[in-house]
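Trainee: So the protein sequences, as listed, match chains A and B. For the first sequence, our numbering gives the first residue as 1, with consecutive numbering after it. For the second sequence, our numbering gives the first residue as 260, with consecutive numbering after it.
Quick caveat, the hints were computed from the structure, so don't treat them as lab data. This one's a predicted model, so the numbers in the text were calculated from it and none came from an experiment. Worth double-checking, as some hints may not be accurate.
[To be verified] Computed list of lysine to any residue pairs in SDA-like fashion (alpha-carbon distance at most 20 Å, straight line):
| id | chain 1 | residue 1 | chain 2 | residue 2 |
| --- | --- | --- | --- | --- |
| 1 | A | Lys-116 | A | Glu-56 |
| 2 | A | Lys-58 | A | Gln-118 |
| 3 | A | Lys-226 | A | Lys-259 |
| 4 | A | Lys-58 | B | Leu-493 |
| 5 | B | Lys-434 | A | Arg-197 |
| 6 | B | Lys-488 | A | Asp-109 |
| 7 | A | Lys-58 | A | Ser-82 |
| 8 | A | Lys-226 | B | Glu-470 |
| 9 | B | Lys-434 | B | Glu-492 |
| 10 | B | Lys-488 | A | Asp-99 |
| 11 | A | Lys-214 | A | Asp-201 |
| 12 | B | Lys-414 | B | Ser-464 |
| 13 | A | Lys-116 | A | Ile-43 |
| 14 | A | Lys-58 | B | Glu-489 |
| 15 | B | Lys-465 | A | Arg-213 |
| 16 | B | Lys-465 | A | Thr-212 |
| 17 | B | Lys-488 | B | Arg-447 |
| 18 | B | Lys-465 | A | Gly-231 |
| 19 | A | Lys-226 | B | His-468 |
| 20 | B | Lys-434 | A | Arg-107 |
| 21 | A | Lys-58 | B | Met-441 |
| 22 | A | Lys-214 | B | Ser-462 |
| 23 | B | Lys-488 | A | Asn-104 |
| 24 | B | Lys-488 | A | Arg-105 |
| 25 | B | Lys-488 | A | Lys-214 |
| 26 | B | Lys-465 | A | Leu-228 |
| 27 | B | Lys-488 | A | Ala-102 |
| 28 | A | Lys-259 | A | Thr-212 |
| 29 | B | Lys-434 | A | Ser-108 |
| 30 | A | Lys-75 | A | Thr-92 |
| 31 | B | Lys-488 | B | Gln-421 |
| 32 | B | Lys-465 | A | Gly-229 |
| 33 | A | Lys-58 | B | Gln-421 |
| 34 | B | Lys-488 | A | Asp-126 |
| 35 | B | Lys-434 | A | Gly-111 |
Single-letter residue listing:
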Amino acid sequence: MIGMLPTLAETSHTSLPRKPALFALVVIFGALSITTALAQQHISRRYPVRNNVRVELKNISGTITVESWNRDEVKLSATMESPAANVSPRQTGDGLIVDVMADNRGRSDIGDVNFKLQVPVNSSVDLETKRGQITVNNIRGGLVRAHVSSEGDIELNGISASQVFAQNLIGNIFFDGEFSRGGTYQFQSGKGEITIRIPSDSAFSLVAATPTRKIALGPFWNDGFKSLGDGRKYVGDVGDGRSSVMVTTFQGSITFIRK
Amino acid sequence: MNCEKCQDLISDYLDGSISQQDRATLSSHLEECLHCAEVRDDLQSIVGFCCTQRGQYVAPPNEKALWLRIRNMIEAGANVDAPAPAATRRSFLRNWTARSWELSFPQLAAMVAAIVLIVSLTTAVGLRRWQSGDVNPQAGLPDSGLSVGAIDVRKRVSQQQQLISYWNQRVEYNKARWNPQMRETFDRNLAVIDQAVNDSFDSLSKNPHDEVSQEMLNTALNEKLSLLKEFAEL
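So here's chain B without its partners, still in its complex pose (with noise of 0.2 Å):
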């Protein structure tokens, strides 16, 4: 017999409601087992105190009180009882919020380490997501026409010069496979491309409202990028 079925047994045992076999074996176990000895013999007292008083008993100075953590008790050896799930999330978030947080120091430095980490990282991704002004790259592919009309310019050629980065790498990633006269030739190429982008860089930088410079600023980037993403492929 183990002891939570000798616990079960104990309150018939004590009234004499249990069968001879049981009796027996349950008292076989209470003699090898201290735990539930004490249990049986606290319960014991209880029913014998409970006879010999008869309801005359004394009752505690704050009755009232008493009862209430008796209910509280019972409530909570009622949850215990609760489905396995919400007794080990409520059992996990108690442990947590109860648990002594004494960290050594090394744990400590990882800990500042990786919280400086993650506030620079996010910082990095917002300014890099407020500067490219929040639009997706793609939105700012060349539309071939020369209307700029009221887009922020610098915006643009922000979207423009990391698209270029970009297909840039690419071109210099395939460039070993070209023959000599197409690599001259992209390199002319570009050169002409780059030459219109810095006369409008300086037009602009002399009149930043100047709406033809601001076209052909445009007209030029997207240019550059077609011309990219052209021999990128090659």
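Isolated chain A, as found in the complex (with noise of 0.2 Å):
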């Protein structure tokens, strides 16, 4: 039996020949990264708009990324991971609009899209995909909404918006920013944490709820609120209520932090 089993060098031996096969699959993946690199698209486009403009893009599958600059222009880039993907925007009287499903239709797989765009601070946006993060940074115009029709993510950074939406299946909310009076903002979620971080002199009328019975209103909370349903519900005012916001998980935690 020890007579069988192969000696030291009959082993280096049988592995040499596995050299070449490993060779030849590192430029095989390598061909095809570089095959997968030239087969993505990319467009970059700029549109000259005022700089209270409204911008509105449907995605399918991608991430989508928004960035404020003081300039009275948009940027769009999209980076396309099929060459069959089109993507057309169209400039309106007041805004810009970007449909990939529309600009699809009847085609089949096209795969992810990923936008980054860059607007006017004071843009309205008005962003919707199927599947894949939605990040918004420093916003402060009429209009937030962010809507992940199953899973992704969800980040408002720096928003002073006086209508705010954002919504998604699984995948946690993230909001930082202003509640402006008179204003409304909507938080929902299947199944992820929500996370509101806003300044300490905030005055809202707040109605949140998760069946987990996990909700921190932390700073905010004072004795006016109403617990309903075994703690599953919170109702109440804090400061002046001067603004709406709703906030709702089915599976996951509602928390309020204080800047």
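From the two separate chains plus the hints, produce the assembled complex.
Mentor: What follows is the structure, given as structure tokens:
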């Protein structure tokens, strides 16, 4: 039996033919990566707009990142996984519309399309995707709407808009910003943590509900809050309740943090 | 000469007030047409009787009834000359009511089967409307709010389930076109919503008046509907 086992020399000898195979694999993998990179399409366009422009973006799958800048123009950059994907932004009287769904109707799978938008700081943004993360930074316009039909985190940083709607099914929602007087703010998730970070002097009327009973109002808690359904829902005012805030998650927590 | 023309002229023929040519033509028709000849004979006997009696005829036993019958017959004759559609309708109704409805066994069986089918369909449609609360299903579309208030949850759930079933069929139809990643995403998300729906139902089975669970159920069903609609268009 011992005589039948391969010696060290024999073992190293038998591993030699594997090296070219490994090398071939690396070459193939590299070639595939290059092909993939070449297959990806990238577009970048600029649109002169007024500073309170409305930007609507409807994506199917992929990330959306929106940032503000001090220019009266929109810069749209998109990276398309599939060369078959078509993105045809339309400039209208009061804004810019990008509808990936409509632009690719009738086509089969077009893969991910990842967007980056740079917009004037006072813009309104209405963003939708079936799947993928949405990030919006430093927008001070009238509306910020981020809707992920299925899964994807939503991150809203430095937002000061009179209407904010953030909704997803699986994924966390993070809001960092201010609540304007008379504004409306809705945050809804199916399975995810919702975190709201606002200044300590914020004033709002709150309805927060989650069956998990994980509602942490932190410094915004006061005795005026009414607990319903054995701690699954809280209703009450903070300050003069000048804006309306509604937060719901089916499986997750709701947390308020002071800035 | 035809019979109609002949009978129009018979009275004048008996009075001797028609032209020679018409008389010749009428005579030749009467020789050939037995029916018109009988009409002529009847009319001739009536005229002869009237001429011989000169108003001294014996009155029938019930003269009033006789005149009533005559009047009815005249009126009936006048109605025959009325406009065609009315006459058609009357004759159809008269025929229909006067018809003897003697049906064969297969005809009778078919009639019974038709009646049963109509009654069943009417009952099914009625029940369906009753179960759905006789409300337009489009009115139950999500309003993205949490307030359910006094809305009857069962009714709303029933409406939502019907819509969900419809959109689910559309999703299943299109699903084959999606890439595997998208299919997995959809299934995973649907499972999350179904979990929320089931949890709400569980809570409601323990406490049917739990408003928070009602709201959660409502929101979850709306979410499910939205998800199905969103993915049905892919």
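Trainee: Evaluate each hint against the coordinates.
Mentor: Against the structure, the hints:
{"no.": "1", "hint": "A:Lys-116 with A:Glu-56", "result": "holds (13 Å)"}
{"no.": "2", "hint": "A:Lys-58 with A:Gln-118", "result": "holds (16 Å)"}
{"no.": "3", "hint": "A:Lys-226 with A:Lys-259", "result": "violated (24 Å)"}
{"no.": "4", "hint": "A:Lys-58 with B:Leu-493", "result": "holds (13 Å)"}
{"no.": "5", "hint": "B:Lys-434 with A:Arg-197", "result": "violated (39 Å)"}
{"no.": "6", "hint": "B:Lys-488 with A:Asp-109", "result": "holds (18 Å)"}
{"no.": "7", "hint": "A:Lys-58 with A:Ser-82", "result": "holds (17 Å)"}
{"no.": "8", "hint": "A:Lys-226 with B:Glu-470", "result": "holds (14 Å)"}
{"no.": "9", "hint": "B:Lys-434 with B:Glu-492", "result": "holds (10 Å)"}
{"no.": "10", "hint": "B:Lys-488 with A:Asp-99", "result": "holds (17 Å)"}
{"no.": "11", "hint": "A:Lys-214 with A:Asp-201", "result": "violated (23 Å)"}
{"no.": "12", "hint": "B:Lys-414 with B:Ser-464", "result": "holds (16 Å)"}
{"no.": "13", "hint": "A:Lys-116 with A:Ile-43", "result": "holds (10 Å)"}
{"no.": "14", "hint": "A:Lys-58 with B:Glu-489", "result": "holds (12 Å)"}
{"no.": "15", "hint": "B:Lys-465 with A:Arg-213", "result": "holds (18 Å)"}
{"no.": "16", "hint": "B:Lys-465 with A:Thr-212", "result": "holds (17 Å)"}
{"no.": "17", "hint": "B:Lys-488 with B:Arg-447", "result": "holds (16 Å)"}
{"no.": "18", "hint": "B:Lys-465 with A:Gly-231", "result": "holds (17 Å)"}
{"no.": "19", "hint": "A:Lys-226 with B:His-468", "result": "holds (18 Å)"}
{"no.": "20", "hint": "B:Lys-434 with A:Arg-107", "result": "holds (14 Å)"}
{"no.": "21", "hint": "A:Lys-58 with B:Met-441", "result": "holds (17 Å)"}
{"no.": "22", "hint": "A:Lys-214 with B:Ser-462", "result": "holds (17 Å)"}
{"no.": "23", "hint": "B:Lys-488 with A:Asn-104", "result": "holds (18 Å)"}
{"no.": "24", "hint": "B:Lys-488 with A:Arg-105", "result": "holds (16 Å)"}
{"no.": "25", "hint": "B:Lys-488 with A:Lys-214", "result": "violated (30 Å)"}
{"no.": "26", "hint": "B:Lys-465 with A:Leu-228", "result": "holds (16 Å)"}
{"no.": "27", "hint": "B:Lys-488 with A:Ala-102", "result": "holds (15 Å)"}
{"no.": "28", "hint": "A:Lys-259 with A:Thr-212", "result": "violated (25 Å)"}
{"no.": "29", "hint": "B:Lys-434 with A:Ser-108", "result": "holds (12 Å)"}
{"no.": "30", "hint": "A:Lys-75 with A:Thr-92", "result": "holds (15 Å)"}
{"no.": "31", "hint": "B:Lys-488 with B:Gln-421", "result": "holds (13 Å)"}
{"no.": "32", "hint": "B:Lys-465 with A:Gly-229", "result": "holds (13 Å)"}
{"no.": "33", "hint": "A:Lys-58 with B:Gln-421", "result": "violated (28 Å)"}
{"no.": "34", "hint": "B:Lys-488 with A:Asp-126", "result": "holds (19 Å)"}
{"no.": "35", "hint": "B:Lys-434 with A:Gly-111", "result": "holds (15 Å)"}
Against the hints set out earlier in the document, violations occur for numbers 3, 5, 11, 25, 28 and 33.
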